[in-house]
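Position chain B against the provided structure of chain A, taking the given hints into account.
Going line by line, the protein sequences match chains A and B.
Start counting at 1 in the first sequence, then tack on 162, and there's your number in this note's numbering.
Start counting at 1 in the second sequence, then tack on 53, and there's your number in this note's numbering.
Simulated from the structure, these hints should not be mistaken for lab results.
Beta carbons are placed, not taken as given, at the ideal position from N, Cα and C, and that holds for glycine.
Please note that the accuracy of each hint is not assured.
As the list claims (entries may be wrong) - Pairwise CB distance ranges, derived in the manner of DEER restraints:
(1) P218(B) <-> A529(A): 35 to 41 Å
(2) R621(A) <-> T299(B): 54 to 60 Å
(3) V142(B) <-> H596(A): 15 to 21 Å
(4) E205(A) <-> V142(B): 55 to 61 Å
(5) D476(A) <-> S307(B): 55 to 61 Å
(6) A278(A) <-> P218(B): 54 to 60 Å
(7) S139(B) <-> R449(A): 55 to 61 Å
(8) E205(B) <-> T201(A): 51 to 57 Å
(9) D584(A) <-> T299(B): 47 to 53 Å
(10) P258(B) <-> E205(A): 57 to 63 Å
(11) E469(A) <-> T299(B): 42 to 48 Å
(12) G430(A) <-> P218(B): 54 to 60 Å
(13) G267(A) <-> T233(B): 55 to 61 Å
Unchecked claim - Once the Cα atoms are required to be at most 25 Å apart in a straight line, the calculated SDA-like pairs of lysine to any residue come out as:
(14) K471(A) <-> R202(B)
(15) K435(A) <-> A144(B)
(16) K466(A) <-> R202(B)
(17) K603(A) <-> P218(B)
(18) K463(A) <-> D206(B)
(19) K466(A) <-> E205(B)
(20) K435(A) <-> E530(A)
(21) K603(A) <-> E205(B)
(22) K466(A) <-> L577(A)
(23) K603(A) <-> L577(A)
(24) K435(A) <-> W209(B)
(25) K603(A) <-> R203(B)
(26) K466(A) <-> D204(B)
(27) K466(A) <-> W209(B)
(28) K463(A) <-> W209(B)
(29) K603(A) <-> D206(B)
(30) K466(A) <-> V431(A)
(31) K603(A) <-> L181(B)
(32) K463(A) <-> E205(B)
(33) K603(A) <-> V142(B)
(34) K603(A) <-> A144(B)
(35) K435(A) <-> D476(A)
(36) K466(A) <-> E212(B)
(37) K463(A) <-> G165(B)
(38) K466(A) <-> T299(B)
(39) K244(B) <-> D476(A)
(40) K466(A) <-> R203(B)
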Amino acid sequence: MWHDGCPRLAAVNNHAHAAGLRPHMRLADARALLPDLVTLAGEPQADRRLIETIASWCDRYTPWVAIDPLGGALAEHGTEACSAGGFGGDAGLLLDVTGCTHLFGADEAGERALLADLTRRLVRHDFNCRAAMADTAGAAWALARFAERQADLFCPRHGQRAALATLPVEGLRLDAPTLETFLKLGLRRIGDLYPLPRAPLARRFGDQPLTRLDQALGMLAEPIEPRRVPPAFRTRLAFAEPISRPEDIAAATSRLLAALCRQFEQAGVGARKLEIALYRVDGSVDRTSIGTSRPNRDNPKLMKLFEEKLGELDPGFGVELMILGAPEVEAWSGTQDALPDQDAPAVPAGVDGTTDLADRLALRLGAENVVRLLTRDSHLPERVQVAAPIAAKPAATGAWARVAGLKGARPTRLLQRPEPVDVMAPIPDDPPRHFSWRRHKHRIVRAEGPERIADEWWRPRPDGTRPPAGETPLVRDYYRVEDDDGGRFWLFRDGAYQAAANGQPTARWYLHGFCA
Amino acid sequence: MPVISPNAFAPPASSLSPSQAANDTAATVPAGLREKVRRLERAHSAQRSGRAAGVPLGVPAIDALLPEGGLLTGALHEIEAGPAPSGRVAAHDGAALGFAGHVIGRFAQRAGGTILWCRRPTGVFDALPYAPALSTWFDPARLLMVTARRDEDLFWAMEEGLRCPGIVAVLGETRAADPTAGRRLSLAAEKSGVPALLLRAQPAPPQSVCTTRWRIASAPSQSTPGLGDVGAARWRLELRRNRFGTPSTAETPSWLVEWNDETHCLSVVPQALHGSSGASWPESDAARLVG
Numbered sequence: 163m164w165h166d167g168c169p170r171l172a173a174v175n176n177h178a179h180a181a182g183l184r185p186h187m188r189l190a191d192a193r194a195l196l197p198d199l200v201t202l203a204g205e206p207q208a209d210r211r212l213i214e215t216i217a218s219w220c221d222r223y224t225p226w227v228a229i230d231p232l233g234g235a236l237a238e239h240g241t242e243a244c245s246a247g248g249f250g251g252d253a254g255l256l257l258d259v260t261g262c263t264h265l266f267g268a269d270e271a272g273e274r275a276l277l278a279d280l281t282r283r284l285v286r287h288d289f290n291c292r293a294a295m296a297d298t299a300g301a302a303w304a305l306a307r308f309a310e311r312q313a314d315l316f317c318p319r320h321g322q323r324a325a326l327a328t329l330p331v332e333g334l335r336l337d338a339p340t341l342e343t344f345l346k347l348g349l350r351r352i353g354d355l356y357p358l359p360r361a362p363l364a365r366r367f368g369d370q371p372l373t374r375l376d377q378a379l380g381m382l383a384e385p386i387e388p389r390r391v392p393p394a395f396r397t398r399l400a401f402a403e404p405i406s407r408p409e410d411i412a413a414a415t416s417r418l419l420a421a422l423c424r425q426f427e428q429a430g431v432g433a434r435k436l437e438i439a440l441y442r443v444d445g446s447v448d449r450t451s452i453g454t455s456r457p458n459r460d461n462p463k464l465m466k467l468f469e470e471k472l473g474e475l476d477p478g479f480g481v482e483l484m485i486l487g488a489p490e491v492e493a494w495s496g497t498q499d500a501l502p503d504q505d506a507p508a509v510p511a512g513v514d515g516t517t518d519l520a521d522r523l524a525l526r527l528g529a530e531n532v533v534r535l536l537t538r539d540s541h542l543p544e545r546v547q548v549a550a551p552i553a554a555k556p557a558a559t560g561a562w563a564r565v566a567g568l569k570g571a572r573p574t575r576l577l578q579r580p581e582p583v584d585v586m587a588p589i590p591d592d593p594p595r596h597f598s599w600r601r602h603k604h605r606i607v608r609a610e611g612p613e614r615i616a617d618e619w620w621r622p623r624p625d626g627t628r629p630p631a632g633e634t635p636l637v638r639d640y641y642r643v644e645d646d647d648g649g650r651f652w653l654f655r656d657g658a659y660q661a662a663a664n665g666q667p668t669a670r671w672y673l674h675g676f677c678a
Numbered sequence: 054m055p056v057i058s059p060n061a062f063a064p065p066a067s068s069l070s071p072s073q074a075a076n077d078t079a080a081t082v083p084a085g086l087r088e089k090v091r092r093l094e095r096a097h098s099a100q101r102s103g104r105a106a107g108v109p110l111g112v113p114a115i116d117a118l119l120p121e122g123g124l125l126t127g128a129l130h131e132i133e134a135g136p137a138p139s140g141r142v143a144a145h146d147g148a149a150l151g152f153a154g155h156v157i158g159r160f161a162q163r164a165g166g167t168i169l170w171c172r173r174p175t176g177v178f179d180a181l182p183y184a185p186a187l188s189t190w191f192d193p194a195r196l197l198m199v200t201a202r203r204d205e206d207l208f209w210a211m212e213e214g215l216r217c218p219g220i221v222a223v224l225g226e227t228r229a230a231d232p233t234a235g236r237r238l239s240l241a242a243e244k245s246g247v248p249a250l251l252l253r254a255q256p257a258p259p260q261s262v263c264t265t266r267w268r269i270a271s272a273p274s275q276s277t278p279g280l281g282d283v284g285a286a287r288w289r290l291e292l293r294r295n296r297f298g299t300p301s302t303a304e305t306p307s308w309l310v311e312w313n314d315e316t317h318c319l320s321v322v323p324q325a326l327h328g329s330s331g332a333s334w335p336e337s338d339a340a341r342l343v344g
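With the rest of the complex left out, here is chain A (with noise of 0.2 Å):
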């Protein structure tokens, strides 16, 4: 039930149906009609989820999936497309079955399977719903919610026309206004518009009924955009039994593993990114993916990182399906190469664990937090070191040696956020006699500097704009200064000293990082 102004209904049982309520209709008028009509609240987002975990169900036929976009709220199926339609409400999916069906059977008696299979399932599942299977997505649309015999809700190879020459013209997809002057002009069934010239039709309707005719009766090409993109590389396992030990879990990751490395192979590739999915009685889906730094496709190595992953998976009441895919692939450079090292021989690929041990921690602490160390050109110290995930791209070899010659100015260690500090400094230039660092102070003894970075001011600013023209850049004048107990410091001071605005120094002093 829904509001606009006046409650309508959203969807209908099949009693109200039978009664002759139909979804959109006003509340009022259908208490008219069912004086006991009982009604609940419409939940919209909960039927959307429920949509969308009955599409992720449908993995299971096929990876291509999608959610009827012209369903408000519930079932469809269909190319060879499947549609599954609810009387309640109008929502639907599309599977895109083609080259799936051959797993139930062959040519037709394996459609015909298919279709069986997942309305029985459905229904299992206590769902009402209808499924239909034709040549196209709007044939199948068309069928499963206006095919008055259960018998017509497959339509053989090619017979979209003679199926949908009986159904009301709304089985066309039509916007409303079009099917009311349909309607009013008499044109009640599909077959009505056959005989009809298409030139005054597009006149008078403009392309959308021919639009819809095409694609229904397979003239016009109309492609699924599924859910998820199916990838290019996946194997597939269904049980006879379900299973629920993990060793069974285990092994036919294993067995799984080993078919689509069988596909690397023979395509040339290796992955980045897999992910297993396992199908549990019940009907929910359970996801997992692993990450590799490099492309790879040894079997045992991708394994022991599955692994690791397993212990997380619920199967469950147990698990009936299991579907291994890889999202992400790259093309198979043939070695596992080191990281990056200029003076030392190179460690025979193979024997040099680098980058497993690098997938290992990467899949146990997360990607971000296993990173290898880059220099980028600038003069900002904090944006010379990049901390670059594993899978980014090695520096030049020796990218290091350009900032060497810093290398006895600069801190062991940098502050991610400089931390102000209070100082006392005799003289605007001069490093400062004492400085006051979490609550601490410190005598300096000695100190450095100063030594001047500027602002790049060819790049912008982190609010996104340049600094104007002719304006004095901001400037860093860095000291490194030692305290009485040794203690050596990165300090700078932030812009350099201006006239004294209410007898404050303009200048603000930060510690930067800390010294060997």
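For chain B alone, kept in the frame of chain A given last:
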């Protein structure tokens, strides 16, 4: 650790004379068994099997005390930041990090490979090791930096690294002192011959099974006369634990060392020269040894 001699394997009720029995057993005890005994004497086994070697620090005075003339590979070494000379808690561990960098540099020079650096962030005031400074000791491109949120993960990552053949040294930055984890790291290091280092920003209770434990505090440097600038980095180095090493005359051997950026060497500052704040420090007189 008690040394088990081959005699221990002689049958107790032997009819042969003791000396004969000893000779016979020495001849008949299979090599594998002898290897096993050596493994029981852990450190010795590590040294003899060639998996552990001493990597000199480049300071003869210190290396003389260490087993095999240097820091053992295949062992656990602890480096902690000590309090300042005035007794005040050190504000940071920049000096300890510098020494750790030097040690890793020595290990990394020995063989090519990746250096695994595991750290646990200390919160908002986290300060990352800064690669431009570390490039003094080794090429930062060889670093694999790992951030762990829990100590268990940190020790796990270190152990995984120690088992990996492509890793040349493993360093862990942590505040946790877990004797079990220390023992595990030590065993893993012995098995693979890869050195493990623990870097602590604060002294930890002395309980771990490390081979050496160092305490580093930064010491006042020597300015160029008349300039008041910051001189070469000086550290007060204390060797607080030296397993399998040569005992020193002092209870806790300690040195004042200086890191020279230009010559890339660590050297002991002669006693006569440090402390006298006004005295200039002639370069040629310093016991400077290139490592």
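Against the structure, the hints come out as follows:
1. P218(B) <-> A529(A): 35 to 41 Å: Violated, at about 23 Å.
2. R621(A) <-> T299(B): 54 to 60 Å: Between R621(A) and T299(B), where Cβ atoms are some 56 Å apart, the hint holds.
3. V142(B) <-> H596(A): 15 to 21 Å: holds (19 Å)
4. E205(A) <-> V142(B): 55 to 61 Å: holds (60 Å)
5. D476(A) <-> S307(B): 55 to 61 Å: holds (57 Å)
6. A278(A) <-> P218(B): 54 to 60 Å: holds (56 Å)
7. S139(B) <-> R449(A): 55 to 61 Å: Roughly 59 Å apart at Cβ, these two residues keep to the hinted range, so it holds.
8. E205(B) <-> T201(A): 51 to 57 Å: holds (55 Å)
9. D584(A) <-> T299(B): 47 to 53 Å: holds (49 Å)
10. P258(B) <-> E205(A): 57 to 63 Å: Distance hint for P258(B), E205(A) holds at roughly 59 Å.
11. E469(A) <-> T299(B): 42 to 48 Å: holds (46 Å)
12. G430(A) <-> P218(B): 54 to 60 Å: Hint violated: Cβ distance 28 Å, outside 54 to 60 Å.
13. G267(A) <-> T233(B): 55 to 61 Å: For G267(A) and T233(B) the Cβ distance comes to about 59 Å; the hint holds.
14. K471(A) <-> R202(B): holds (19 Å)
15. K435(A) <-> A144(B): Since the Cα atoms of K435(A) and A144(B) sit roughly 44 Å apart, the hinted pair is violated (cutoff 25 Å).
16. K466(A) <-> R202(B): holds (23 Å)
17. K603(A) <-> P218(B): Not OK: K603(A) and P218(B) at ~47 Å, beyond 25 Å, violated.
18. K463(A) <-> D206(B): holds (21 Å)
19. K466(A) <-> E205(B): holds (20 Å)
20. K435(A) <-> E530(A): The given pair, whose Cα atoms are some 15 Å apart, holds under the 25 Å limit.
21. K603(A) <-> E205(B): At roughly 36 Å apart (the allowed maximum being 25 Å), E205(B) and K603(A) break the hint.
22. K466(A) <-> L577(A): violated (37 Å)
23. K603(A) <-> L577(A): holds (19 Å)
24. K435(A) <-> W209(B): Within the cut-off at roughly 24 Å; holds.
25. K603(A) <-> R203(B): violated (33 Å)
26. K466(A) <-> D204(B): holds (23 Å)
27. K466(A) <-> W209(B): holds (16 Å)
28. K463(A) <-> W209(B): Roughly 19 Å separates the two Cα atoms, so the pair holds.
29. K603(A) <-> D206(B): violated (36 Å)
30. K466(A) <-> V431(A): holds (20 Å)
31. K603(A) <-> L181(B): holds (23 Å)
32. K463(A) <-> E205(B): Judged against 25 Å, a Cα distance of about 23 Å means the pair holds.
33. K603(A) <-> V142(B): holds (13 Å)
34. K603(A) <-> A144(B): holds (11 Å)
35. K435(A) <-> D476(A): holds (21 Å)
36. K466(A) <-> E212(B): Holds - the C-alpha atoms of E212(B) and K466(A) are around 17 Å apart, at most 25 Å.
37. K463(A) <-> G165(B): Roughly 24 Å separates the two Cα atoms, so the pair holds.
38. K466(A) <-> T299(B): Violated, at about 44 Å.
39. K244(B) <-> D476(A): violated (37 Å)
40. K466(A) <-> R203(B): Holds - the C-alpha atoms of R203(B) and K466(A) are around 23 Å apart, at most 25 Å.
In this structure, the earlier hints numbered 1, 12, 15, 17, 21, 22, 25, 29, 38, 39 are contradicted, and the remaining ones agree with it.
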